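Enquirer: Here is how the chains run, residue by residue.
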Amino acid sequence: MKKRFLLNKIILTLSTLSAIIGLGFLFWILGTLLIKGLATMNLSIFTHDLVDGGIRNLLVGQFVMALIATFFAVPIGVMAGIYLREYSNNGKIAFVIRNLSDIMMSAPSIIIGVFVYAIYIDKVNHFTGWGGVLALAIMMIPIIVSTTDNMLSLVPKELREAGIALGGSKHKIILQIVLKAAKVGLMTGILLSFARIVGETAPLLFTSANSQFFTFNLNDQFPSLTVSIYNLATYPDQESKDLAWAASFVLTAVVLVINLGGRYLTRSKHK
Amino acid sequence: MVGKIFKDFSLLSAILILVILVAIFGILYSYASDAIHTFGWDFLTTTTWQPGEDDDGGIFGGYIPIVGTLLATLIAMLIAVPIAMGIAIFLTEVAHPLLIKPVSIAIELLAAIPSIIYGMWGLFYFAPIIQQSFGGSGVGLLTAGIVLAIMIVPFMSAITKDAMNTTPGVLKESAYAMGATKFEVIKDVIMPYSKTAIIGSVILALGRALGETMAVAFLIGSIVKLPSKVTDPTTSIPVLLANNFAEAQDLELSSMFYLALILFAVSFIIISFAKFYFLGRKR
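Residue numbers (this note's numbering), protein chains in the order written: chain E, 1 to 271; chain U, 1 to 283.
Hints in this document: simulated from the structure, not taken from any laboratory. There may be inaccurate statements among the hints.
[Said to hold, decoys possible] With a cut-off of at most 27 Å between alpha-carbon atoms, the simulated DSSO-like pairs for lysine-lysine come out as follows:
(1) E/K157 / U/K7
(2) E/K9 / U/K195
(3) U/K4 / E/K183
[Said to hold, decoys possible] Covered by chain U, according to a simulated footprint, are these stretches of chain E (three or more residues, beta-carbon under 8 Å):
(4) 12 to 26
(5) 42 to 56
(6) 66 to 74
(7) 212 to 223
Model, not experiment: these values are computed from the prediction. C-beta: ideal position from N, C-alpha, C; glycine also.
In isolation and in its complexed conformation, chain U is listed as follows (with noise of 0.2 Å):
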């Protein structure tokens, strides 16, 4: 008896999590649908976001954001990815055996700092030094994307370095007894045998950029305007949730939970896109 509860009471969690899921889909686009009838698929391609006065509705369209919160990740994931293989690369095959543990835990921690502090930090920091080498205010694209690639470096270094670390130690053996340099066990053996999981990594990666929020809304400028340069302020979708959701009404929130619903179906197409064809499945 007590057992039959037990299991119940499990498999009752296990589904709750389906519900969760299902239910997230479902309720943005049911709020989501005052937008979705008035704007249809022209919302993705209509730059303006402008309320109405009065009653009127006022037109509403996500090209900005969308186009803001992809040029953001693209920048970070220009920066990230070579980097965080460096680092992979570094604790895996460089590292002195004594340094490997603090320097994989240092970098750990970079993960775990909160993302608000990155904002922070980024917007009294980081900001002016690229406003003195580029130019611009400060916050845009440029100091969004940097401090984004920052915040995404630990994760996709800790997933490349647990993929390189799996490479057999005899494949590397052999390729050094034939005379290969480091770099060249890397290139032809490593990342060959790991591939599959560091593309993984790096999707996996990008899905969190997509939808990082705080440390983006304090540098990316948050104006709904098409920036011309790359140091140009614009906004995101999350950044524009973040700032605008609360005050927003009618047609202005279910254009909102329009973004909303675009940003939550591409993260979760990339993130299953990763875990499936690269990650390998999980059992």
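Chain E on its own, in the form it takes in the complex (with noise of 0.2 Å):
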């Protein structure tokens, strides 16, 4: 009898345990980086390029990148994601594509990366700014294809109903009435999956690769934060060092900003 409850005991422990230890990680790694960031922070860095020892050019050429891959990954995923759950029927068709494009989004990044490269980097003999917004938007788009399928089953079929017995044609319904309904959970969406683009480094490597200077030329070698962090803090002098910290610290800030962000647009709607 007294098993039982003990083993209760030490079960219900160790899971809270196991709990203390996933934030006590969270606790550390952004305290490591609150600590390592501000430390080596100042005014400066934002205001010169990497030539110069900041992150300018590189803060503005990720997110130039990441946001010309949203404006084209956006369209197209969420025009799959129409497909999918209003014109489709939920065929065979659907369920094949969708059952790709998750298989997709789980993909390991790198292998993006590699693709780009056979079919783009490749044939044009140097690295491109175009490389990496073609990766980063083949990595965004089945994660809009999924909100957008997950979102639009969300809103009630009596929406669509009253905009058929209004004699809508289906793409104004679509267009009006259901997009409408779901543009909470989309820009939620969007701006969760451009979070998590912004901050990936894999399929940046051999498409955009690197710049030290200020560009907005995306047919030449694009400035990249991430593909920054990852040779800075691998060179041997203290001062890289020091600006590998202060540039994790602004992309963490930067990513975990816009998540929270989108979290509390999705709360307030509920409220």
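Two chains, two frames, some hints: make the complex.
Expert: The structure is reproduced here in structure tokens:
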């Protein structure tokens, strides 16, 4: 009899312990970033480019690539999601595409980099910003598809029926009723997937590569914050390591703020 | 008319996904075909990664990166599975209601941190601890495995928690009414009820761990050498790709594509297996 209760206590304590371990690592990592990042941070890194010991070009470059990727991935992803949920009647094609899209979402990101290298970088023979954009967009599309698919499934059937009763054509119902009803959820999904791709490194390593200089020329090597962190962290001198810490702090802060912002958006809607 | 264009565009977008996926397989295969023809299946068991002199092709084998990938993933899974289960149990059955939300958000934030940050933190703060406690150079299989574990825990615990939460209250209540302890309810009611989804989440996390690049690149040591101890440095498929792909040429480049193809095929199989058999078909 007593053994049962003892076992119960042990297991529940262990489970609490694992939660503490998880939180412990979170605070350890964030704490390290905060201390190291703030210690090495000064305003001049935001006004100088990598060549002068700053991160201005890197920050701009990383955002430009992620934003353009979003610009292409969102319409394609949302339209594909609309097809799956509104047009396909849940047939065989929809089943296949939906699951393949999910599988692609979990595919190793370095593979996307290798793929874009083969179809594009290898052909033009030098690294380009567009390569980075393409890799990030390919990563983002399945995430957007899955979000759209889920969010549209939450829109009540009655709303669509009301539209039909008013004599609306299918695409008008989708554009003016269904998408409007799912707007907040979609926005959240887009924000979260943006937060995910903006912190990616592996797909950029041999597509955009990196650049020391400020540029908007996507036909040339393009500055990337994450690739720079990878390079800087392995240089032997302390100055580079410090800059890597400052850059990591900025990157994590941006990613977490967007992430929390996205969550707040959905929460405030349900209140 | 507009409706027709709209519909066609949506169909086209959906088919694009199919096209990309097929293209990835096709392109990887065609670039790898040189290596596939030269080495065949022996590639999987060859331990040499040696570029040849001048025009000589060299010998390339995937055994070491493949073993490195599998071992690092194995270590990560051994550590991550119990912790993720523990967290899921904590969040569904143990935690005070007021704690559930903040703790689950905090754990999910752990998943949002970019992998390169894990790598940097691991290299400068975690590797020295491993070095002090287990010896070695700090970077190696064990360090990479542990940090990988931290990275996949939030993902696994989130799915497991959701699955556990679907257990009907009445089932749990009737077990409690029989005098069962919390652990017995978890073991005999919740676990059997959510078993398939939990296994699915573990396999899905396994797929992620196999392909994780940046954190492992900082921590595994990046040496093409078989490890003899768990603290030894070695390499993995994604890490070999990340570090050597840009400089590789001819047969070496083709061998890299061969490795990429193996990694992609394996993750594809693992993820679809998890999806179809354990996580239910998605409608």
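Enquirer: The region 12 to 26 of chain E covered by chain U? Criterion: 3 or more residues, Cβ-Cβ distance below 8 Å.
Expert: holds (count 12)
Enquirer: Given the proposed pairing of U/K4 with E/K183, does the C-alpha separation stay at or below 27 Å?
Expert: This hinted pair holds, its Cα atoms lying about 23 Å apart.
Enquirer: Just to make sure I understand the rule, a stretch counts as covered if three or more of its residues have a C-beta closer than 8 Å to a C-beta of the chain. Does the region 66 to 74 of chain E meet that for chain U?
Expert: n = 0 at 8 Å, threshold three: violated.
Enquirer: Within the region 212 to 223 of chain E, is the number of residues with a Cβ closer than 8 Å to a Cβ of chain U three or more?
Expert: Per the Cβ count (0), the hint is violated.
Enquirer: Hint check: E/K9 vs U/K195, CA-CA at most 27 Å. Holds or violated?
Expert: The hint holds at about 23 Å.
Enquirer: With a cut-off of 8 Å between beta carbons, are at least three residues of the region 42 to 56 of chain E near chain U?
Expert: Check failed, 0 qualifying residues.
Enquirer: So if I understand the rule, the pair passes when the alpha-carbon distance is 27 Å or less; does E/K157 with U/K7 pass?
Expert: holds, 19 Å
When each numbered hint is compared with the structure, violations occur for hints 5, 6 and 7.
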